[in-house]
Amino acid sequence: MPKFPKDTEHLARMAALFLAGLTLFVIARALLVPKDFHELGHFRTGALADNMARPVAFAGREACAACHPDVVDERQGSRHAVIACEACHGALAKHAEDPGSLKPARPDPRTLCLVCHREDVASPKTFKQVNPQTHMGGQACISCHKPHHPEMT
Amino acid sequence: MGIDRREFLTHTGKYLLLTSAAALAWDFLKVGTPEAAPNYTLQDHWWGFAIDIEKCIGCGNCVRACKTENDVPLEPYYFRTWVERYHVPNGNIEHPEVDSPNGGYGGFPARYEPGDGSKNFFVPKLCNHCAHSPCTQVCPVGATFDSPDGVVLVDKTYCLGCRYCVQACPYGCRFIDPRTMTVDKCSLCYHRITKGLTTACCETCPTGARMLGDLKNPKDPIHAFLRTHKVQVLKPQMATGAKAYYNGLDGSVR
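Residue numbers (my numbering), protein chains in the order written: chain A, 0 to 152; chain B, 88 to 341.
Keep in mind that the hints were calculated from the coordinates and are not lab data. Note that the structure is a prediction, hence the values are computed from the model and not measured. Positions of the beta carbon are idealized from the N, C-alpha and C atoms, including for glycine. It is possible that some hints are incorrect.
Stated by the list, open to error - On the chain B side, residues computed to face chain A include the following (Cβ under 8 Å):
| id | residue |
| --- | --- |
| 1 | I144 |
| 2 | N207 |
| 3 | G229 |
| 4 | L240 |
| 5 | Q254 |
| 6 | T315 |
With these hints in hand, go ahead and build the complete structure from the sequences.
Put into structure tokens, the structure is as follows:
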């Protein structure tokens with residue numbers, strides 16, 4: 000049994016002050032800290048949903064293939080078959096949702112091919128690279144190559 | 088009449104213990120059940136990333152797609168992902184020349200001549216989504232965190248813009264969005280991967296140099312990639328538990 004001093008009034012006062020402080024702290028904490036904080040870790044669980052909520056800009060190749068199976072067939076067997084449509088045609092989630100709302104722009108054939116195929120020593124040696132001056136002498140790529148199936152036959 | 092030091096310390100200790108116990112109990116009382124995300128279970132995924140340097144052609148498609156998908160400020164040039172070009176003269180891996188004009192947004196203008204005895208290659212960079220991320224550990228408010236599925240995310244409504252995390256990231260993957268003055272970084276396209284899509288950069292990479300992978304899904308092709316390639320993470324000495332695995336990573340890459 001611990002020995003309590005006879006005069007305990009100052010202790011009671013301190014305890015009351017402490018309790019009041021604690022209550023204030025608990026109330027402030029309950030008001031300020033979001034309800035979903037620290038459920039899964041030191042963060043708001045709702046932040047996961049916030050991050051999920053952003054609209055998608057690129058529809059994905061499956062969405063393109065659903066309406067354009069002809070292009071999928073055209074690309075069959077080509078080296079370009081693995082490239083996603085939106086890699087060249089741009090972000091088209093809006094078009095996939097409502098085809099009338101956004102008509103995809105035709106990529107510029109004079110610049111598009113060279114985005115990937117312009118000669119650079121840092122590109123892998125196995126990758127097809129051209130010097131636009133010596134390879135085609137100012138001609139457009141599409142006069143010989145079809146972008147969806149670029150192999151010469 | 089008095090209270091000696093021993094008693095005082097004993098009582099104070101008891102009060103402190105009781106208070107901390109009460110605070111802990113309060114935390115447990117407040118915990119609810121996490122909201123169920125439709126068709127996506129956090130516990131079923133553990134996201135990682137694989138990059139094949141030997142396939143990267145430096146076209147910049149990933150950089151452009153990322154900016155479009157995630158509304159990254161076009162100018163000034165901030166990036167969630169960017170591409171670096173390495174020029175290693177005569178095998179001098181201690182002193183590589185690195186350039187990344189506008190992060191590779193407009194591609195890479197020809198700069199080096201072939202046949203000068205140097206080694207040249209492109210290295211795409213993005214958040215490594217570390218399992219033990221230094222950036223989340225320093226956040227004073229819990230605004231950036233490791234999600235249970237292995238993605239390092241930012242809570243934009245909670246971020247103070249204090250920049251501790253920007254300094255803590257050893258890979259330089261974070262920036263302050265000048266419009267909101269809050270931190271921004273690669274979210275691994277969390278809004279896409281939770282819907283079953285791949286990231287915007289993987290979607291638009293023409294050579295398959297970038298690969299999103301679910302390390303918890305045994306059927307994911309990333310396992311075959313990690314098995315059949317000699318992979319390395321960036322700055323392994325930092326012990327960050329980085330989950331962006333590079334194939335063909337040269338010693339000169341910082």
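Interface hint outcome for I144(B) [beta carbon to chain A under 8 Å]: holds (5 Å)
When the nearest CB of chain A is found for T315(B), is that gap smaller than 8 Å? Not OK, violated: T315(B) not within 8 Å of chain A, min 17 Å.
If you take the shortest Cβ to Cβ gap from Q254(B) to chain A, is it below 8 Å? Because about 19 Å separates Q254(B) from the closest Cβ in chain A, which is outside the 8 Å limit, the hint is violated.
Does G229(B) pass the interface check with chain A, least Cβ-Cβ distance below 8 Å? Check passed: Cβ of G229(B) comes within 4 Å of chain A, closer than 8 Å.
Per-residue hint verdict: L240(B), partner chain A, C-beta under 8 Å: Where the cut-off is 8 Å and the nearest Cβ of chain A is about 5 Å from L240(B), the hint holds.
Does N207(B) hold up as a contact with chain A if the rule is Cβ-Cβ below 8 Å? With a minimum Cβ separation of about 4 Å from chain A (threshold 8 Å), the hint on N207(B) holds.
The structure does not agree with the numbered hints 5 and 6 stated previously, though it agrees with the rest.
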